[in-house]
Structure formats: structure tokens, C-alpha cells
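A.B. asks: The task is simple: from the sequences and hints, build the whole structure.
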Amino acid sequence: MQNEKRQHIFFIITMILMSIYLLWRMFFTLPWGEGVLNVIFGILLIVAETVTVLTTFELFFQKMQKARTQLDFPIVPPEYYPDVDVFIATHNEPVDLLYKTVNACTFMDYPDKQKVHIYICDDGGRPEVEELAKQFGVGYMGFPGNKHAKSGNLNNALSKTSSPLIATFDADMIPQHTFLMKTVPYFLLSTFIEENGQWRLRREDEKDKKFKLGLVQTPQSFYNPDLFQFNLYAEQGIPNEQDFFSREVNILRNASNAVAYTGSNTIISRQGMEDIGGFPLNTITEDFETSIRLQQEGYITYATQEVQAAGQTTTTVPSMIKQRIRWARGIIQSLQNTRAPLSEKLPFWTRVTYLSSFLYWWSFFNRLIFILAPILFALFDFKIVNTTFWQILIFWLPSYFFYSVSMRYLSSNIRNQRWSQVIDTIFMPYLIWPVLLETLGIREKKFKVTNKSRAKGRKWMSALLYALPHIFLLLLSIAAVIRYVNGKYGIALFFSSIIIFWLIHNMIALCYALFFMIGRRAYRETERIRAQEDVMIHDQDTNLRYQAKTVDVSENGIAFYVPYPIYLPEQKTISLTVKSERYEANLNAVIVYVKQDGEGWRYSATVQPMDETDNRQYMQIIYDRKHSLPEQMNLWDTAYDDMLRNVKKRIVQPRSDQRKMPRLSLQYPVTFTNDAGCTLRSFNYRFFSATGLHGDMAAGAIVTFYTQSNIKVILQHTGKTTANRREVLLSVENMDDIVERGLIDQLLSDLTHSHTERFTREG
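My numbering numbers the first residue of the sequence shown as 18 and each following residue consecutively.
For the record, the hints were derived by calculation from the structure and aren't laboratory data.
Hints may contain errors.
Said to hold, decoys possible - FRET-style restraints, in silico, Cβ to Cβ:
(1) Phe489 <-> Asn299: 34 to 40 Å
(2) Pro364 <-> Asp398: 28 to 34 Å
(3) Ile488 <-> Leu661: 18 to 24 Å
(4) Leu410 <-> Arg662: 30 to 36 Å
(5) Pro671 <-> Phe90: 18 to 24 Å
(6) Leu410 <-> Leu453: 22 to 28 Å
(7) Ser682 <-> Pro335: 44 to 50 Å
Note that beta-carbon positions come from the ideal geometry of N, C-alpha and C, so glycine has one too.
C.D. replies: And the structure:
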């Protein structure tokens with residue numbers, strides 16, 4: 018509570034200081050005596066600042082109302098849960114992507130699963146998708162022709178079903194098993210009431226006739242790093258770029274009942290959809306317009322904060338840019354179609370929120386103005402602000418400080434001001450023109466499905482073309498800094514510090530944009546997801562069994578951790594049984610590399626489920642969980658840290674691990690049965706490396722020694738040395754026999770713990 022009060026105080030102080038700053042800018046800083054172009058650009062700069070500040074004020078107001086606008090979550094007896102139709106919309110997505118979503122839907126919890134009706138809504142009419150529906154025993158609704166795009170597809174499904182609630186999922190959005198149980202009860206708030214800590218049925222006179230819940234929107238979440246995380250080597254430093262909207266902004270909009278339906282991970286009222294005539298057709302963002310039309314009919318749209326489904330984010334720059342252009346155009350279309358900012362059917366604050374939604378898409382034009390302003394002044398002596406250094410310190414510096422801190426409070430550490438500016442800078446060259454055209458009514462009506470296939474390497478020429486606007490602005494900024502500081506020393510340089518600050522500030526954002534467009538090579542076909550689950554390892558030929566814990570899991574691979582280096586045969590299929598709290602899968606696995614991991618060892622393997630049941634269970638082990646990507650920013654990371662990391666990662670090429678057996682460092686003196694001897698320096702279950710050979714130890718010689726447990730070990734001098742040529746390689750000739758007799762663990766113990774030898778580990 019104290020923290021919340023402190024935040025509110027910061028918001029209020031920020032709004033006061035920013036208002037004073039804007040009034041000062043409007044009335045005292047325009048360059049009236051410098052020429053028409055100077056005044057025009059000066060006005061544009063003030064407008065850009067004002068729009069940026071006012072849209073943020075709207076979020077401040079919503080944040081201060083957040084606690085008052087949360088709906089209670091009712092505890093409902095099982096028999097009151099209604100029927101639910103689950104629509105999985107697909108256009109041209111591959112069947113293997115769709116498989117994971119359909120599979121997860123069949124595992125969703127519900128008091129009576131007979132009330133859950135799952136349908137694949139396929140506007141491609143593909144036979145392979147119909148076959149997938151039969152495989153899972155779910156409904157199939159073909160809608161060939163793609164008439165009216167996704168809206169037509171979903172309206173077709175609406176017309177053929179009847180459940181009072183509808184869950185919608187995109188083809189790649191995989192729900193958690195708790196999805197329905199975390200969303201459906203909200204729709205029963207008009208039927209149940211809390212009394213003395215217990216929920217009971219409302220009497221007829223207690224029923225709230227005005228409470229109409231139109232939809233419950235859970236956050237859009239993703240199990241793979243987005244391009245900002247991946248291309249900028251920030252997978253562990255920043256959340257997904259869309260988290261700020263899904264987990265913060267959309268939640269704040271509960272306060273003004275302006276929550277956006279984002280097309281997936283949603284429960285919708287059928288009555289609400291009937292009241293608005295189904296999904297709207299004359300827009301390319303039917304989801305966003307659906308929520309507005311529900312609100313205009315008096316329905317509440319509610320957003321929750323807990324992630325209940327995760328999908329695959331786009332992995333190529335062109336696809337991401339096309340996606341954002343579609344969102345920009347579609348949202349402006351929908352706002353024009355519904356006249357939401359002016360609609361008398363909506364309350365005042367809802368209209369303010371939609372005006373802010375429209376103005377947001379102009380933030381990219383604002384960003385261009387903010388980048389050009391210091392360049393024009395420093396490089397071309399083009400004066401657009403009439404002020405002094407001390408006036409800037411008095412009016413701008415306090416407001417900027419409080420604004421920066423308030424932005425961090427606003428975003429709950431999901432986003433800060435620096436990252437907002439980086440994101441706007443990246444998209445800036447590609448959204449200004451589409452936003453302008455759509456605002457003027459020049460529309461793009463064709464629906465384009467976002468391509469989410471994995472990028473195949475980097476195309477340097479394509480990356481360079483996309484980065485050209487940023488390179489041009491970066492070069493101008495560098496030239497502006499050089500020219501502006503030239504000949505300035507001491508006090509003159511001090512008075513120039515504000516302009517230099519903004520030039521360097523913008524240069525950093527432009528460097529981020531350049532790194533983003535260059536990208537980085539993707540080496541993995543499928544995404545690794547961190548998970549700690551029990552694993553039973555079994556080699557049927559040797560009957561070796563071990564217990565382990567998974568480190569991460571993916572569709573084609575698994576990594577598990579053991580506290581000591583276990584023996585697993587090279588290039589041989591072993592059996593793994595992975596168990597979670599709800600699922601169990603049997604897998605065939607082949608070890609591909611081994612390395613030291615802290616005090617233990619990590620083994621990585623390719624995997625293949627043994628049958629269809631195991632495959633379905635394994636998919637759930639992978640995806641029915643909270644993803645492992647960050648939910649908050651690393652507050653200790655500075656711009657310098659990020660830039661340094663990007664430079665280092667691009668210079669130092671990653672080294673792939675090739676070792677398929679663990680290698681242990683030893684200091685183990687032995688005397689062989691022929692009185693020869695040496696010191697064993699390392700061991701990887703197939704070879705020892707040795708130094709200090711003496712006696713009859715020529716190349717090809719076969720020698721024997723016994724451990725303290727009387728295990729016989731036969732070695733052959735291979736005539737080869739290690740890479741540094743300092744140690745001789747001795748092959749273990751009777752390893753298979755040692756394994757078959759079940760002595761392998763005892764051999765390891767003898768080598769590492771007897772004679773008080775020093776035992777170290779090598780990765």
C-alpha cells in the first residue's frame with residue numbers, strides 16, 4: 018500500500034511538472050523570429066512532445082484506478098459451469114504447429130469435460146487438417162474460400178454451434194490446462210455473490226441485471242524469444258516486447274472498460290457476439306473492433322494478468338514489420354468504423370482511452386521528430402527552440418527525471434523509457450507512412466497472416482536494406498556531434514551538454530536498431546524451454562539405470578543434470594522416462610554432448626517419443642507450463658552493458674560442444690602388472706590420458722592394472738597423444754565387460770576417491 022501511494026505521488030508530481038514544462042514550451046520557446054520553417058518545425062516538436070506526454074498521462078490515471086477495477090473471482094460449484102465451444106482458427110499454418118494447440122485443448126481441466134466442445138476452424142478446407150481433427154476426436158469446420166478472412170471463419174463456426182461461452186485460440190497459441198478454470202467463473206459473477214467469505218447463489222432480487230461480461234482476455238504470451246530479445250542478445254535481460262501491452266496496458270484499461278480483445282487466449286459471451294452481429298467484417302483487426310462493439314452494447318471487457326496460454330512469436334524482421342503495419346492500419350480502421358473516440362455509446366474515459374490508442378500510432382512520427390530536432394540544430398544551425406541553457410535546466414530536467422521514474426512505476430519493470438524509445442526507433446521508418454495513409458482513409462483491406470516460420474540464417478543484403486534509414490540517421494547524428502563539439506572547451510562545452518546528451522541518446526537507440534536489423538543466426542530448429550522434471554535413464558543392453566533432473570526440454574531434444582559423470586554409451590539409443598506432476602512420456606534418446614555444469618554434469622540428447630501417447634504427453638510436458646523467459650527487466654543492465662554485450666557476441670563466434678562422453682581430470686599413479694607405470698591424468702570412459710610412462714610401454718603395448726576394489730582394467734597404448742601433445746592416449750580395452758558386470762560406477766568411484774587423489778572436472 019505504501020509503495021502504491023508513493024507511485025501515485027510520483028505520478029501526480031510528474032503530471033504537474035510536465036504540464037508546466039509543456040506550457041513553457043508552447044508560450045515561451047517557439048522561434049518566431051527565425052523564419053517560417055523554423056516555426057513549423059518548432060510547432061511539430063511541441064505537438065510531438067504534447068502527444069507523447071498526454072498519452073502517458075492517460076496511463077497514469079488508469080494505473081491509479083487499477084485496484085478499484087479488479088473483478089472478484091467466484092468459487093463456483095462444478096454443476097454450474099456452462100458449456101464452452103473452443104474455436105481454434107487456422108488459415109495456412111502447418112499441421113505440426115496446429116497439433117500442439119489441439120493437443121493442449123484436449124487436456125484443459127473442466128468439471129464436466131462433456132461440456133467442452135473443441136473445433137478446428139479451417140478456412141483453407143485442408144484434408145490434412147480434417148484428418149488431424151479425426152485423430153484427436155474433435156470437431157472440424159471447413160470454410161474454404163477464405164471469405165472475409167478470420168472473421169468469416171469464426172462467424173461460420175458461430176453459426177454452427179450453440180454453447181453460451183466461446184474460447185478462441187490462434188493456431189499457434191497453446192493453452193495451459195488451467196485456462197478454462199481461470200476464466201469461465203468470471204461469467205458467473207451475476208449468478209453468485211460472496212457473503213462472509215463464502216460464495217452462494219444470488220437470490221432473484223440480488224441479481225445484477227446491468228452486469229454483462231462480454232469477454233475475458235488473458236495475456237498474449239510467447240514461449241520463444243521475440244526479435245528484440247533474440248537479435249539484441251537480451252533473452253535474459255528484457256521481457257517480450259508485447260508483454261507491456263498484454264500484462265500492463267490492457268490490464269490498466271479495465272479502469273475505463275476499454276480492454277482490447279487480442280484475437281486469442283480469450284473467453285467470449287455468445288450473447289454478446291449475437292448482440293453485435295458476430296465478428297466484424299470490414300476491418301483487418303476484427304479482434305480489436307469486436308471489443309469496441311461489445312463495449313458499445315454495454316458489455317464489460319475484462320483483462321487478467323496471469324498467463325494462461327503461450328504461442329510462437331514471429332522470427333523474421335520482414336514478418337514483424339508487416340505484422341505491425343497490419344496492426345496500425347487495422348486499429349485505425351476499427352476506430353474509424355466505430356467512431357470510438359467520439360461514440361456517445363461509450364463513457365468519457367473509454368473514449369479518452371481510444372483517442373490515446375489512435376495517438377499511440379503517431380508516436381513513430383514523434384520519434385522521427387525527436388531524432389531530427391538536435392541534428393538540425395547541431396549540424397545545420399536550424400534553431401527550433403528559443404531558450405537558454407538555464408531555462409532548460411529549470412523546466413526540462415526535473416520533469417524529465419520524474420517522467421523517467423514514473424514510467425518505470427507505470428510499467429512494473431516490464432519496460433523502461435529507454436526500451437520504449439529503442440522499439441519506437443526500430444519501427445519508426447516503416448510505420449509513419451502506413452499510419453498517415455490509413456488516417457487519410459487510404460485503406461489496406463487484405464488480411465495477411467503473420468509468418469511465424471523460423472528464420473533460416475541471416476540475409477545480409479536484406480538486413481542492410483531494412484537498416485538504411487537508421488544508418489542514415491546515425492551518420493547524421495555522428496556528424497552533428499563532431500561539428501557541434503568542434504572548437505568548444507570548458508564552459509562552452511558545458512552549455513552544449515543538453516544537445517550533446519540528446520544526440521548521443523538518439524545514437525544509442527539507432528545503434529540498437531542497427532543491431533536489431535542485422536540480427537543473429539538461429540542454430541536451433543525448436544525452442545528450448547527450461548524445466549526441472551524427474552528423468553529415469555535406462556540402457557536396456559547394459560541394464561544401467563540412473564535418476565536425473567531435466568534442465569531444459571524441446572520437441573527434438575532434452576538436457577538433464579546429474580551430480581556425477583554417469584556412463585552412457587556413445588551413438589546408442591537409450592530410454593528416458595520423463596515425469597511431471599501431470600504427465601509422463603517415454604522417449605528414445607541419443608546423447609549428443611556432455612559438459613560440466615557447476616558441481617555436476619549436463620547431458621544433452623536428441624529425443625523421439627516412443628508412440629503417439631508418449632508424443633502427446635511429451636508435448637504437454639514441454640508447453641503446459643509457465644515459460645522461462647523473463648517477465649521483468651534486469652534493472653542493473655545499462656545501455657553501456659547492452660551495447661558491450663552486443664558487440665562482444667557479434668565478434669566472438671559461439672563454440673559448439675562436441676564431447677559425447679564426460680572427461681574427468683585425475684592425478685592417479687598406477688603400476689601395471691608388468692611393472693611398467695604412469696600417472697593417469699584424465700578419463701572419459703573410453704580413453705585415459707597419461708604422463709610419466711616408464712617400463713615396457715611402447716606403442717601398441719597392452720597392460721593391466723587393478724583398482725582398490727579389484728576391478729581389472731586393460732589398457733592399450735594407442736601411439737597417439739592429446740591435442741597439446743603432452744599426454745599419451747591409452748584406450749580401455751575391456752570397458753564393455755566392466756559395464757556388463759555392473760562395475761562402471763565402482764570404477765569411477767575408485768578412480769576419483771581412492772588414494773586421496775585430487776579430482777577436478779572439465780567441461
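A.B. asks: State for each hint whether it applies.
C.D. replies: Comparing the hints with the structure gives:
{"no.": "1", "hint": "Phe489 <-> Asn299: 34 to 40 Å", "result": "holds, 38 Å"}
{"no.": "2", "hint": "Pro364 <-> Asp398: 28 to 34 Å", "result": "violated, 49 Å"}
{"no.": "3", "hint": "Ile488 <-> Leu661: 18 to 24 Å", "result": "holds, 21 Å"}
{"no.": "4", "hint": "Leu410 <-> Arg662: 30 to 36 Å", "result": "holds, 33 Å"}
{"no.": "5", "hint": "Pro671 <-> Phe90: 18 to 24 Å", "result": "violated, 46 Å"}
{"no.": "6", "hint": "Leu410 <-> Leu453: 22 to 28 Å", "result": "violated, 36 Å"}
{"no.": "7", "hint": "Ser682 <-> Pro335: 44 to 50 Å", "result": "holds, 49 Å"}
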